[in-house]
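Asks: Now for the letters of each chain:
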Amino acid sequence: MAKLIRKSRPTKIIAIGLVKPFILITLTFLLSACISTSIIDVPSQDPVEVEDRAVVNGEPLPLPDNNVLTAEPLSGDRPMSAVVMRLVATAGDQRRIGNWVSAASSLERALRIEPRNGRLWSRLAEVRYDQKAWRQAIQLAAKSNTLSAGNSNLLRQNWVLMANSYDALGESAAAEKYREKLTKSSY
Amino acid sequence: MIGVNANNGRKKAGSKKTATKIGRSTTRSPTSSGAALTKSSKGRTFLRVVRFWVVRLVLITLVPTLAYTVYLDVTIRKQFEGQKWALPAHVYTRPLELYLGQQFDQALVQAELDELGYVDRPSLDRVGSFKFSQNELAIYQREFRFWDGLRPQQKIRLQLNSGRIQSISIESNSGQLSETEIIRLEPRLFGSVSPMSHEDRTLVKLEDIPQPLIDGLLANEDRHFYSHFGVNPMGIARAMISNMRAGRVVQGGSTLTQQLVKNYYLTSEVTLSRKFTEMLMSILLEFHYSKDEILQAYFNEVYMGQAGNRAIHGFGLASQYFYGRPLHELDLHQLAVLIAVNNGPSFYNPIRHPKRSLKRRDLVLNTMFEQGVIEKPEYDQAINAKLSISPTAASAATLSYPSFMGLVRKDLQADYKQDDLLSAGLQIHTTLNPRIQQTLETAVRSELAAIEKRKGINGGSLQVAAVVIRTDNGEVAAMLGDRNPSFSGFNRALNARRPVGSLLKPFVYLTALESPEIYSLASLVNDQPITVTQNGSPDWQPQNYDGLAHGPVMLIDALARSYNLATVNLGMELGVPRVSNTIRRVGYQPDFSQLPSVLLGAVPMSVVEISQLYLTLASGGFKTPIKSIRSVLSGDNQPLSHYSLDIEQVIEPEFASLINYALQDVVRNGTARSVLTGFQYDYGLAGKTGTTDDYRDSWFAGFSGNYLTVVWVGRDDNKSSMLTGASGAAKIWAKAMQKMPLQRLELAYNDSVLRREVYYSRDPLEQDCSLSRSLPMLVESLAIENIPCANRLQYDLEHDDELQHFEPLPGDPTTPRTKKKSWWERVFG
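Chains as they are written, first to last, in this note's numbering: chain A, 1 to 187; chain B, 188 to 1016.
Watch out, some of these pointers could steer you wrong.
[What the hints assert, rightly or not] Here are the simulated lysine to aspartate or glutamate pairs, EDC-like style, with alpha carbons at most 20 Å apart: (1) A:Lys-132 - A:Glu-180; (2) B:Lys-342 - B:Glu-323; (3) B:Lys-318 - B:Glu-330; (4) A:Lys-177 - B:Asp-938; (5) A:Lys-132 - B:Glu-835; (6) A:Lys-184 - B:Asp-938; (7) A:Lys-177 - B:Glu-330.
[What the hints assert, rightly or not] Sample of chain A residues facing chain B (criterion: CB under 7 Å; computed from the structure): (8) Arg-53; (9) Ala-54; (10) Arg-95.
[Unchecked claim] Simulated DEER-style distance windows between Cβ atoms: (11) B:Gln-290 - A:Lys-177: 41 to 47 Å; (12) B:Gly-336 - A:Arg-156: 33 to 39 Å; (13) B:Arg-351 - A:Gly-98: 42 to 48 Å; (14) B:Ser-821 - A:Arg-156: 40 to 46 Å; (15) B:Asp-602 - A:Val-55: 45 to 51 Å; (16) B:Lys-573 - A:Gly-98: 51 to 57 Å.
Just so you know, these hints were derived from the structure itself, not from any lab.
The beta carbon of each residue, even a glycine, is placed where N, CA and C say it ideally should be.
Based on the provided sequences and hints, a complete structural model is requested.
Replies: So, in structure tokens, the structure goes:
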């Protein structure tokens, strides 16, 4: 077998437990404990992109432009694309007359076009809330949150919905958790 | 049906017997009465006896005949009424949506229109046509009942600008113009749920049948349809004379009604008794139903051909099958072909026997002209038309996606009664994307052959199973359960369970990363020999694929290079039950072994089952049930159910981001590096290779921002495929993904994720810390990972030729095996 043939290759086993590095490690560990708090207080808003690129034959591959779908950016209140706005409006009309299944269906159509649009997930959560499908409402709002970093309005909206849903489920501790987030984030 | 035939036979035999008895008694009686003249008293008694017997005999004969007639009557009515309503559930693809701002792929839209049977015409003068010009695509759309409402016939015009759709206008049939943001092409009907008889049909109403078709059919098959009573004695006589003259059967005297009856009991049996029953049933049918009802039933019932194991019944489906278009869109010459086909479904099949079919079509047109059904100009135009079976439409109709249908059936059986599926005419709107399916099929066809050639494996010996799923909603876009896409037997994607090998490793690492105060991507794990002692089993000593131990390696590298020792060490540290819990939590339902070999994927799973686990990762930690159906409409177009988007967060988003980052590293720097070759853009692809012992199973599971594709390659006899995950499944995966409309995978980092520089040394002894890389790290991990350099080493992949270890050399002594191996050795090398 291949692995037997290759057994003769030199094995890279790293000597562990060297004394010198160990002291160094301990020192830096202590040091870092002191400085880490300041790092925690300044969370990075902008994920770095260095090194995270695919390289073929020594050349990094270019990033795709929005080649098929007009995806919504990760955060921010940029205007929605015309088609998604149209579908959201349709869903709104359907929701107003209590046709929740159709409203959800329209929002799902929009989501197929912009799956990373946190606002669409939030709208869908609202429809589920209307349907008293509390658990699904919570889950969809949570999904919206993962796509809405930096959009505090949307985050707050989702937290309200989650708190209310947990209340409806009689899970007041969980509801309280999201109310707390609301008060904290208002500063 | 068999029961009915058997009964018929018995009853007929009985009635024949009584008939001969009557004959005998009637011939005897005159001679007996002659004798009675001389011996009157004796004669009177004798007459009484005779009368008694005659009455009895008549009764004996009449009663069964009547009973038989009643029986036939009930049978034929039941059949007629039953067939009138028995409609199998029809299964549709997803509709193609076209909207503002969308990048316009002309080839893709054209392929879709072709499959839908739309015809490219110089002007939009009829429904079912389209026209491409410089910056515009115009389509005259058919009416279609979508789940959320009826879309009427309409003309749409898409204005294109620099490759994108700039505006969409709609012109209604009344000429009203409006602008819109989004339109849909109708989905394509591609299959039906009819597991018992495999009979398929689409129902057409008489008023929707083109008049030339009705006239042409009657002119050719039954000129006196509207005047006879089910049987046409003149016709039979005429047929008999010409048959006798010719010395063989050249003409049939059957009426349409008789043909319909014959179709209900499709058998090739030609006996006198069969003919008699047929006539009797025809007369009964005419007695109960109007001519129009019978004609409509005829158009929907008759057998028109065979597509695989699917029997094409009725003109409606035949029109779809041969032309890819509804009946009312066909030209006269095409209708004539259908009349020809009806006369001999396999003999005049225009796809298999175009010449024969054309000749018969011309005969049909001739008869129509002679009978005055069509005028000279129409005749001339039709007779000069080519036999225009659309090759795309013809092949599209045979594209029935049996693997995907298997999934649809499975999903339907969970929610619907078998009877409803077979007869209620349900309309099933699925998630199948024919373009993605085509891409997958093409990739499998070309790559599987290339792999076999490259590896010197017998052509055709490898098998494949694959699935493509939308990551945001779990919709299955494409599926293959066999290397032959039209094979409808064993569906490997659903039913073949194979050990998934290293595909389970990410869940070991995820379990670790979920304790951020203990593990981060930069944590060192020990890639060193380990012996696992198990009660009742021999000791287990897993090995790396390259047979080497690499010492302390970063967690992210251990996964990227798929080190077995590091994984088992880490997994034993975490505890097998914890890892098993993770596997269950992310979406694996069935029970599985709790032995440490789980850490290296000794869990047999189907492609669909393992893809459920990866879907949870691909959707950022939200478990999303895999689905094949969007909605179901009843036979009378009422929405029955909508399969809504259903998600459940089972991994916290920050942990999902970390493991996905690691899986991206597998592609960027690890065992799956080779898949990048051929990609034009950096889609941030994430994935994992999987190989099992003796290279039996070659797996690859990977995703972009919008599609997850899982591929298995192996052999049905479970012998070595000579392939690793990278040299087999990953090749097909890459080929398929390269042709798909991908979106970049963007990891949703939240505030708790930071980027940290992690330092490396080139030399283990000097600890020079001269190299660094930036890794995402959770706030909680900072305390444990603020260690410059530590024992981290840079492995030089170019010289370390890690990837080469995964390529078995041709002629490797892998197959001959004398020593019996223990169970885990059989699963992993």
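Asks: Take the hints in turn and mark each one as holding or not.
Replies: Tested hints:
no., hint, result
1, A:Lys-132 - A:Glu-180, "violated (23 Å)"
2, B:Lys-342 - B:Glu-323, "holds (13 Å)"
3, B:Lys-318 - B:Glu-330, "holds (18 Å)"
4, A:Lys-177 - B:Asp-938, "holds (18 Å)"
5, A:Lys-132 - B:Glu-835, "holds (17 Å)"
6, A:Lys-184 - B:Asp-938, "holds (15 Å)"
7, A:Lys-177 - B:Glu-330, "violated (52 Å)"
8, Arg-53, "holds (6 Å)"
9, Ala-54, "holds (4 Å)"
10, Arg-95, "violated (14 Å)"
11, B:Gln-290 - A:Lys-177: 41 to 47 Å, "holds (43 Å)"
12, B:Gly-336 - A:Arg-156: 33 to 39 Å, "holds (36 Å)"
13, B:Arg-351 - A:Gly-98: 42 to 48 Å, "violated (37 Å)"
14, B:Ser-821 - A:Arg-156: 40 to 46 Å, "holds (43 Å)"
15, B:Asp-602 - A:Val-55: 45 to 51 Å, "holds (48 Å)"
16, B:Lys-573 - A:Gly-98: 51 to 57 Å, "holds (55 Å)"
The structure shown violates the earlier hints numbered 1, 7, 10, 13.
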